[in-house]
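**Student:** What follows is each chain in one-letter form.
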Amino acid sequence: MTKITITYEGKNYTLAYSRESVRMIEQTGFDIGKIESMPATMIPQLFYGAFAMYHKGIKRKQVDEIWKSMSKKDELIVALVEMYGETIEDLLGENEDNTKNATWEVSQ
Amino acid sequence: MGSEPVDTGFSSHNLNYTKVFEEIFPHLLTVGMTYEQFWYKDPHIAKHYLKAMEIEASRRNTDAWLQGYYIYKAIESYVEILPAFPKKGAKVHPYLEAPILLTEAETERKKEEEKRIKHEQMKQKMLLRTLEINSRKGG
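These protein sequence lines are chains B and S, in that order. Note that my numbering numbers the first sequence so that position 88 is 88, with each residue one more than the last. Note that my numbering numbers the second sequence so that position 9 is 9, with each residue one more than the last.
Here chain B stands alone, though its shape is the one from the complex (with noise of 0.2 angstroms):
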């Protein structure tokens, strides 16, 4: 299981997808098939379903600071789809068991 792990304000955090995070923000309308075409609507809701794994309950507009502050963000969001990917991956028999643990850093 691919996890990020990020720091702000001197705080970790650790952005993973459980189907359950998954379920949550495609009811709420996120669809991943459309992330290219809708990037402003659909960026910031698959990051913050990255929260809800390890920081259940953690308010929106935090996340969107935090997001704010995030450097590389493209290559970011190429790493949060793979791992989103990954919720699905195994059901579908396309795994090849790529599990890593990649690293983020912030510029603040």
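DSBU-like cross-link-like pairs, simulated, lysine-lysine; straight-line CA separation at most 35 angstroms: (1) B:Lys72 <-> S:Lys19; (2) B:Lys72 <-> B:Lys61; (3) S:Lys47 <-> B:Lys59; (4) B:Lys61 <-> S:Lys41; (5) B:Lys34 <-> B:Lys68; (6) B:Lys68 <-> S:Lys19; (7) B:Lys73 <-> S:Lys41; (8) S:Lys91 <-> S:Lys110; (9) S:Lys47 <-> B:Lys73; (10) S:Lys19 <-> B:Lys34; (11) S:Lys41 <-> B:Lys3; (12) B:Lys56 <-> S:Lys51; (13) B:Lys11 <-> B:Lys68; (14) B:Lys11 <-> S:Lys41; (15) B:Lys34 <-> S:Lys51; (16) B:Lys34 <-> B:Lys56; (17) B:Lys72 <-> S:Lys47; (18) S:Lys51 <-> S:Lys73; (19) B:Lys59 <-> B:Lys73; (20) S:Lys41 <-> B:Lys68; (21) S:Lys19 <-> B:Lys56; (22) S:Lys115 <-> S:Lys125; (23) S:Lys47 <-> B:Lys11; (24) B:Lys56 <-> S:Lys41; (25) S:Lys125 <-> S:Lys110; (26) S:Lys51 <-> S:Lys41; (27) S:Lys41 <-> B:Lys59; (28) B:Lys72 <-> S:Lys41; (29) S:Lys19 <-> B:Lys3; (30) S:Lys47 <-> B:Lys3; (31) B:Lys73 <-> S:Lys19.
If you are wondering where the hints come from, they were derived from the structure by calculation, not from laboratory data. No experiment lies behind these values; they were computed from the predicted model shown.
Got chain B sorted already, so can you dock chain S onto it with the hints?
**Tutor:** Relative to chain B, chain S alone:
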């Protein structure tokens, strides 16, 4: 937040993940995966349960095949007497004396047992022969 298009390398197909999860989840429940594991834990746990499903399906298939084979053997044992006018000398043959050996370990055990019985029989024979010789000498 970024409004520019981002190339994620993800093909934009309309796949509703939740729908897929909800379709597959009941199948994984049958092999013991819990609600907690499926929805809240590491998504990769599911692959072990999927493998278990495969093994279970294969086992059930082997069981069905084996059952069919036993039925076949049972019919085979009295097939000679089945016709209305059986051939002369037709008889019911005994059913399999023991279950069919499925694993190498079982075959090995059976061989060992046969060896032990043979050895025991040989010992008995030798003993009888010795007794016979002794009685001849004595008599």
